[in-house]
Structures are given as structure tokens and as C-alpha cells.
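**Student:** So you can see what is in the structure, the chains are spelled out below.
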Amino acid sequence: MANLKDIRLRINSIKSTQQTTKAMKMVSAAKLRKAQDNIIRLRPYANKLKDIIHHLLLGQQEIDSPYVKSREVKKVLLVVITSNKGLCGAFNSSIFKLVQATIQEKYTTQYKNGNLYLLCIGKKGYEFFKKSHSLIGENYDLFTKISFEQTASIAEMVMQGFIEEKWDKVEIIYNEFKNVATQIRKVETFLPLEVPKSEKQNFVDYIFEPNKEEILTELVPKILKIQFYKCILDSNASEHGARMVAMDSATENASQLISQLRLVYNKERQAAITKEILEIVGGAEALASS
Amino acid sequence: MKSLKVIFVTPEGKLFDGEANYVNIPGSNGNFGVYPDHAALISTLQNGKVEIATNQEIKSYLVDSGVVEVLNNQVSILVEKIIHA
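Protein chains in written order, with my numbering: chain V, 1 to 290; chain S, 1001 to 1085.
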């Protein structure tokens, strides 16, 4: 059995760990609220824009936009969105698993031919994949300070690469924010832009101003950037949610450990006292009988 | 009298969501007004003033660029940035 001092030291060290995890939980909770606000405020805009694009493309046979044309998938780009920091439960590792599963299921041939590229946003993903896969660019750090401009410039680079046929398909793998405790891992096709199959009954005869083509050339890049931005915000909110939950359970576990150790400590202390009393009594008896 | 249902959103959130009597929009081909029963329309916006007239007041926002959709008395105005409220 460990002696009293050891147990006391352990209890103290667990206590200080618990304080750290508690503080981290608080920080994440504050950050989460802000991140959640951002994503919730963006969603109506993103959804409306998507609606308009869908209306615009409905009933159209030939869509004249370089971002919509799908071609034979020879080269694939996967955009992997992870976090910069750890201690957030299975947040990053589940993304790694999903990336590997996606490659196995869909892109084995492209991977074997060396035509599969990864673009990592977030340090964790970058470090995980930099040895095993061919990466595009360095580690893009967007999460330290999230801004639309910065995000848009990366989206533009991806879109440019698509037009120049550096890759024929782009998918984003990220955590979608559902609520504090739930993140949904998602594989979303970014390019070519997916167009819903035209349903004739929904067709509306719109007036276009200035004309359809110009609206399309203006709106399609816009929606792509917004979609990219939305993924970033989603992932950011998810990260803080995941960290909050992870830290909460860590704090909980620490309390449990402490209460168990306390029990052991008290038992041990009592045993020591009992032993001492027995020794004294034994000693006294020995003296009395002599 | 019929009224329009107007939604005015930016990436930073909803600015207006409710009923209005008419809306003035700075379209790329010139300013135009939208009254109830307007034909379906999609237009891009240029630099100008969006005005939303409710029963109480006329709200106006200075915008840079964006897009508007009119469909079944529902007006959706999407703007990337508000220059001045």
C-alpha cells in the first residue's frame, strides 16, 4: 500500500489538473458561444443564396459556368478541416479516420497514381498527413483569427486550381456543428457545384437583370466562397463544443479519482492510528506486568 | 391590401425579416421598386440604397453589391456588406 504522503501528493496533483481542465472548459464555453453565434447568423444567408442558385439553374439544360461542369475524375483534392490545438476528444481523430475511409472507398486508384492531394486547414491535420500524403501548400492557419477575406482567398485558390484542371473534383471533410454535444462528420462536394435535378413543376419564369449569364458568373463564385466559409465556421464551433465536452468529462473524472483516493487515504490514516494505539497499549501492558 | 414578405440578410445576420408595403432596390440596370404581385425576378445589385417601407417607417440601407430574388410576394435581399444603415 502506498504511504500517506504519496496519496496526499497524488490527490494534490489531480486537484491541480482538475483546475486546469475546468478553466479550459470555461474558456471553450465562452469561445463556443461566439462561434455558435457566427455560424447561426451566417446560415440564413448561405441557405437563401443556395436557394436562389437552385432556382436559377432549374430547368436549364446547359449550364455555362466553369464551376459547374463535371468531368472525368482523374485528380482529386480533399480539403481537410481540423483544429490547431488538441485536447478536444475525438474531434480530430474522427476526421482522420473519415479521410482515410473516403480515400479507401472512393479514390483508391487516384491515390495509387499519386493524383490525390490534400489541403489541410488546421495544424493537427497538417501534422498527421504531411508524411503520408501529398499536400497542397503549407498548413493554412485560419482559426487563430477567422476572417471572411482570408477564407475567401483560399477558396479562390481552390477554385482557380479547378479551372486550370489541377484537380477535377474537390471535397471538403469537416465537422458540422449540430449542437454543443454533437458534431456531424461530413464529406461535402465543393466542386463541381452540385445542381439539383431539374423538376419541371417547380420551374418559374424569372425576369433576369441584367441577364442570366452575368448573374451566374457573379453568384457562383460567391456561393462557393460562402460555402467554404460556412465549413470553416462550422468546424470552429464544433471544435469548441468538442473541447468543452471533453474537458467537462475530464473534470468529472478527476473528481471521481479524488473521491476514491480520499477514501483510500482515510482508511490508511485510520489503520495507522489503530496500529499506533495497539503499540502503545501493548507497551503499557508489558510495563505493568513486569 | 396585400403586402410583401421581405427578408434582408447579410453574412453577419438578418437585418430585416417581416412585412413591407414596397421595396426600392438599386438593381444593376437601375433602381426599381417592388410592389406586391411583382413578377418573379432575380437581379444583381449595385452600389445604392435599399429602402424597405413598412407601415411605420421607411428603412434604408446603403449597400455595395448583392442579389435580390422576388417570388410570390416574397422578397429576399442578400447583401455581402452594409456600408451604412
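For the record, the hints were derived by calculation from the structure and aren't laboratory data.
Do not rely on the hints blindly, as some may be mistaken.
Derived DEER-like restraints, expressed as beta-carbon distance ranges [unchecked claim]:
# : chain 1 : residue 1 : chain 2 : residue 2 : range
1 : S       : Y1035     : V       : K69       : 37 to 47 angstroms
2 : V       : T108      : S       : K1002     : 50 to 60 angstroms
3 : S       : K1081     : V       : Q256      : 24 to 34 angstroms
4 : S       : K1014     : V       : V73       : 20 to 30 angstroms
Please read these numbers as outputs of a predicted model, since none were measured by experiment.
Yeah, the Cβ is synthetic: ideal placement off N, Cα and C, and Gly gets one too.
**Student:** Each hint: holds or not?
**Tutor:** To see whether the hints hold, each was checked on the structure:
Range check, Y1035 (chain S) to K69 (chain V): about 39 angstroms between beta-carbon atoms, so the 37 to 47 angstroms window is met. T108 (chain V) and K1002 (chain S) have their C-beta atoms about 58 angstroms apart, which keeps the hinted 50 to 60 angstroms range intact. A hinted range of 24 to 34 angstroms is violated for the C-beta pair K1081 (chain S) and Q256 (chain V), which are about 51 angstroms apart. Judged by the Cβ atoms, the range 20 to 30 angstroms given for K1014 (chain S) and V73 (chain V) is violated: they are separated by roughly 38 angstroms.
Violation of the numbered hints given earlier is confined to hints 3 and 4; the remaining hints are satisfied by the structure.
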